[in-house]
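Trainee: Full structure from sequences and hints, please.
Residue numbers (numbering that gives the first Met the number 0), protein chains in the order written: chain X, 0 to 884; chain U, 0 to 109.
Everything labelled a hint here was simulated from the structure, so no lab data went into it.
With a Cα cut of at most 27 Å, we get these calculated BS3-like pairs of lysine-lysine:
no.	chain 1	residue 1	chain 2	residue 2
1	U	76	X	49
2	X	216	X	549
3	X	63	X	49
4	X	216	X	203
5	X	243	X	211
6	X	243	X	216
7	U	72	X	49
8	U	76	X	63
9	X	63	U	72
10	X	203	X	243
To be clear about the criterion: a stretch of chain X counts as covered by chain U if any three or more of its residues have a C-beta under 8 Å from a C-beta of chain U, and this derived list gives those stretches:
no.	segment
11	22 to 32
12	59 to 67
Every beta carbon over 10 Å from chain X, so not counted as near; a handful from chain U, in silico:
no.	residue
13	15
14	39
15	93
For glycine and all other residues, C-beta sits at the position ideal for the given N, C-alpha and C.
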Amino acid sequence: MSAVRRTIAALRGLFQRRRLEAELDEELRFHLAMETEEQLRQGVSPGEAKRRAVLELGGLEPTKEAARSARGYRRLETLGQDVRFALRLLRRNKGYASAVVAALALGIGANTAIFSMVRGVMLRELPYRQPSRLVVLHQRDSRDAETDNNFSVLDIEDLRRRNRSFAGLAEYHSMWFNLLGRAEPERVQTGVVSANFFDVLGTKAILGRTFKPEDDKLGAQPVLVFSHAYWQRSWGGDPAVVGKTLQMNDHPHIVIGVLPPVPQYPEENDLWMPTSACPFRSDPRALASRRGRAYNVFGRLRPGTTLAQAQGDLAAVNRALLAEYPGDYPAGGYQIEAVPLLTELTARARPTLLLLLATVLLVLLIVCANVANLQLARLNSRGDEMGVRAALGAARGRLLRQLLTESVILALLGAALGIGIAAALLRALVAFAARFTTRTGDIALDGWVLAFTVAIAVVAGLLSGTLPAVSASRGIATALRSGGSGRPGPAGSLRLRASLAGVQVAVSFLLLVGAGLTLRSIAKLQAVDAGFDPANVLAVAVDLDWAHYKTPELRRVFHRALLARARSLPGVATAAYSSNYPLDGTGFRTAGVRLEGREVADSEVPQAGLRFASSEVFTALGIRLERGRGFADTDRDGAPRVAVLGHALAGRLFGAEDPVGRRIALAFDDPPIWHTVVGVIANVRDLALDQDPGGAVWVALDQRPALAGSLLLRSRREPQALTAEARAMVHDIDPRQPVGRVQTLETARAAALAAPRLTTILLSAFAALALVVTVIGLGGVIAFGVVRRTREIGIRMALGAGRGAILAGVLGEALVAVGAGLSVGAAVALLLAPVVARLLFGVSPTDPITYLAVVSLLATVAALACLLPARRATEVEPSLALRTL
Amino acid sequence: MAAEKEDLLQGTLDLLILRTLALEPQHGWGIARRIQQISRDVLSVTQGSLYPALYRLEEQGWITAEWGISENKRRAKFYRLTRAGERQLVRETESWERFVAAVGRVLRTV
Chain X
0 MSAVRRTIAA LRGLFQRRRL EAELDEELRF HLAMETEEQL RQGVSPGEAK RRAVLELGGL
60 EPTKEAARSA RGYRRLETLG QDVRFALRLL RRNKGYASAV VAALALGIGA NTAIFSMVRG
120 VMLRELPYRQ PSRLVVLHQR DSRDAETDNN FSVLDIEDLR RRNRSFAGLA EYHSMWFNLL
180 GRAEPERVQT GVVSANFFDV LGTKAILGRT FKPEDDKLGA QPVLVFSHAY WQRSWGGDPA
240 VVGKTLQMND HPHIVIGVLP PVPQYPEEND LWMPTSACPF RSDPRALASR RGRAYNVFGR
300 LRPGTTLAQA QGDLAAVNRA LLAEYPGDYP AGGYQIEAVP LLTELTARAR PTLLLLLATV
360 LLVLLIVCAN VANLQLARLN SRGDEMGVRA ALGAARGRLL RQLLTESVIL ALLGAALGIG
420 IAAALLRALV AFAARFTTRT GDIALDGWVL AFTVAIAVVA GLLSGTLPAV SASRGIATAL
480 RSGGSGRPGP AGSLRLRASL AGVQVAVSFL LLVGAGLTLR SIAKLQAVDA GFDPANVLAV
540 AVDLDWAHYK TPELRRVFHR ALLARARSLP GVATAAYSSN YPLDGTGFRT AGVRLEGREV
600 ADSEVPQAGL RFASSEVFTA LGIRLERGRG FADTDRDGAP RVAVLGHALA GRLFGAEDPV
660 GRRIALAFDD PPIWHTVVGV IANVRDLALD QDPGGAVWVA LDQRPALAGS LLLRSRREPQ
720 ALTAEARAMV HDIDPRQPVG RVQTLETARA AALAAPRLTT ILLSAFAALA LVVTVIGLGG
780 VIAFGVVRRT REIGIRMALG AGRGAILAGV LGEALVAVGA GLSVGAAVAL LLAPVVARLL
840 FGVSPTDPIT YLAVVSLLAT VAALACLLPA RRATEVEPSL ALRTL
Chain U
0 MAAEKEDLLQ GTLDLLILRT LALEPQHGWG IARRIQQISR DVLSVTQGSL YPALYRLEEQ
60 GWITAEWGIS ENKRRAKFYR LTRAGERQLV RETESWERFV AAVGRVLRTV
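Mentor: Structure, rendered in structure tokens:
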């Protein structure tokens with residue numbers, strides 16, 4: 000109530016200011032007149048009476064000021080005044096103002112940009128119905144918590160029947176299919192899902208409908224739902240697509256709907272089909288297998304069920320299944336884990352984003368310290384103004400507020416510019432985030448991001464303004480006493496400036512160590528022996544349409560024709576075909592491996608990656624052969640089956656024994672088909688550069704003709720130049736056969752390095768910014784100290800002090816600050832080391848080389864930043880300095 | 000520390016002003032004179048704090064002001080107690096007496 004009344008009074012006061020001022024004036028004049036009369040009555044002379052009256056009133060202006068501030072409107076009015084005054088001052092000091100605004104804009108803009116990613120990827124709710132109830136299930140081996148073993152059709156049926164915590168469980172996997180019926184055959188990534196998938200997510204079609212239970216019955220008419228992105232990209236957003244019939248997997252498929260733009264996990268699918276439409280998933284063997292674990296499960300928690308309750312429920316169901324079907328699980332069984340969908344979607348991005356956010360906040364802290372330093376310097380030269388204003392009746396609090404208003408205005412100007420910087424960077428940031436998460440559609444400069452920006456701008460303004468303002472208002476008392484000679488202020492502010500520089504050094508240390516570690520890490524990653532030679536190799540994805548290449552014989556004919564034509568292409572040194580190539584980004588197929596003469600329980604069969612490849616594949620990929628031989632053209636259909644093992648796998652299977660000549664079988668072949676090991680190849684980091692190679696089994700393509708794979712061309716010329724010829728060649732052999740992704744192995748390798756490289760570039764840029772700002776801050780402290788001590792230096796030089804002594808005196812405080820900053824920075828960095836450990840490859844987070852390099856870099860740069868302005872001290876002309884005494 | 004002292008003085012001054020105005024409407028100078036006279040020159044209102052106090056009380060709605068003509072035929076601003084002000088005076092008087100009594104008891108006993 001009283002707050003309302005005070006506000007109304009304040010607003011009224013603001014508009015009736017002139018009248019209220021006049022009244023105040025008249026009232027005080029009346030008081031003076033009465034007081035003067037009273038004095039006269041007591042027999043004092045008229046002049047003296049008036050003087051005493053004023054004296055008694057306590058000085059006219061301060062009384063007026065106090066009376067004014069008793070009225071609420073003062074506060075609003077002074078704010079307006081402060082803002083106007085601040086703007087006028089800044090206009091007069093364009094250089095200073097633009098330096099400060101530019102520094103703050105960089106600091107704040109970096110924060111806005113990074114926060115927009117954090118907000119879009121991590122904080123924003125997923126665009127599904129009640130997204131916090133959505134989870135992803137994982138089935139993990141107790142001995143290997145990293146790998147998700149997925150679920151089989153029977154697993155999922157049992158989970159659905161027995162659980163009590165889920166309103167729905169949906170099945171998902173993703174495949175590449177060829178879509179026919181348009182001018183060009185097209186490779187499409189297809190999500191294969193149970194009919195309830197979109198109901199579980201709570202996603203409704205924007206056009207047509209999603210799946211109904213009838214769509215998922217065996218033998219039902221196959222139907223397709225388009226993703227929004229694919230609909231836009233490939234069909235130009237044509238609404239007439241719903242109802243169209245398209246050819247796929249040898250069947251007509253009817254398009255029934257289009258999805259809204261929602262983030263997808265784990266793959267970005269072009270289109271979706273029910274499980275019954277997938278030729279592999281609807282295979283009777285898949286339907287009856289408990290061990291064919293290849294499918295993901297999404298769940299929606301029942302209302303009122305917590306994640307912990309669901310976890311307990313799943314554990315109980317899992318125990319029961321383990322007891323009923325012990326032969327279908329490895330020893331020790333599996334654990335089923337439910338992870339919130341948002342966590343799952345952002346897991347890979349989170350550490351990097353948080354690291355970047357911490358970095359930009361630290362950069363802003365350095366910028367604030369520097370702005371505070373600049374303000375201190377300027378306030379010292381404004382000491383006289385402050386003194387005069389204080390003497391004229393300005394209250395200390397009022398001056399403080401004026402100074403804070405100034406710095407907040409600067410910060411807000413910086414924020415406005417910073418938002419511009421962030422907006423310009425946004426597209427690049429989205430591309431960056433896309434390397435970690437499919438959730439990039441939600442990155443935008445929305446209200447939250449703007450509010451965050453304004454908030455940190457105000458905090459930055461207050462942070463950079465408080466210290467100088469307090470120090471300045473404390474110095475007011477001394478300002479006038481020193482006679483307004485324009486000498487910069489008290490010694491305390493020099494110490495303050497030195498400590499601010501120390502803070503900058505400490506924070507810079509942190510950022511430089513962070514950047515240094517990631518730089519070393521990426522250098523290691525780049526230099527890591529990946530086990531293959533990516534130079535001059537072109538990979539052309541040729542995934543056969545299974546509907547046309549149903550029998551191994553048909554595929555064999557295609558493969559042989561393809562290789563024969565490719566080997567005769569001019570410029571091609573080696574041509575091979577392989578189901579996979581290093582860093583191609585596709586999930587590699589795995590299989591259990593049995594050794595001849597060694598009986599192992601089904602659940603204990605060692606697992607290994609499985610590759611299908613033609614002759615010359617190791618030459619084409621530049622993979623070193625360690626023992627025996629690679630595949631030859633003689634390893635044909637009908638010839639004895641052969642296999643080649645990766646180094647790590649050979650060790651895992653045979654220990655120190657020589658595997659060449661031994662026989663192995665793939666666990667899924669029943670009865671076993673024995674392959675003779677003919678060779679061992681060096682370790683290849685083909686899944687990820689930072690992942691230790693697990694080794695794989697390679698089998699001969701002609702003996703097991705795979706459907707999916709790439710033609711690998713090692714070229715004598717620029718490999719990219721082969722693209723058109725390769726395409727034409729495939730088209731020549733089979734006009735219905737689409738060509739998939741075409742890229743060089745160098746490109747694939749660069750893509751695998753892109754995310755860590757971008758992170759490193761960002762961190763390095765921020766660290767460099769921090770370093771520059773710190774150097775400016777340090778230099779400023781020294782220069783300021785020299786100016787303040789010109790007289791003292793002059794006297795000391797006149798008394799015969801040497802240059803060294805003078806320099807030591809000037810450098811003293813700054814060097815102490817640098818030293819303290821370095822030690823604090825190092826201590827904090829060592830403390831934080833474990834946090835960054837998992838973002839690094841092959842470098843310890845306490846890597847001594849990085850720390851030493853950072854210490855020497857900072858020390859050298861700091862020394863230079865200090866010495867250059869300090870030299871001015873030794874150039875002081877004693878006679879000149881003394882004359883100004 | 001300075002703030003505490005000011006608050007105490009301010010509170011006391013407010014009470015004295017309200018009490019003075021309870022007798023009759025009065026202008027600023029008159030209030031100051033009256034306090035000084037009644038307290039037999041013991042309490043002298045620091046004039047610089049009188050007007051801020053008056054404005055504050057006015058803003059709180061305990062007194063109102065209107066322009067009138069003073070005893071020596073000058074235009075002057077007269078302050079008058081409002082109903083809310085009267086209630087406030089009773090409250091403040093009570094709490095002041097409680098305070099004085101309490102301090103007195105302490106001084107007598109300890």
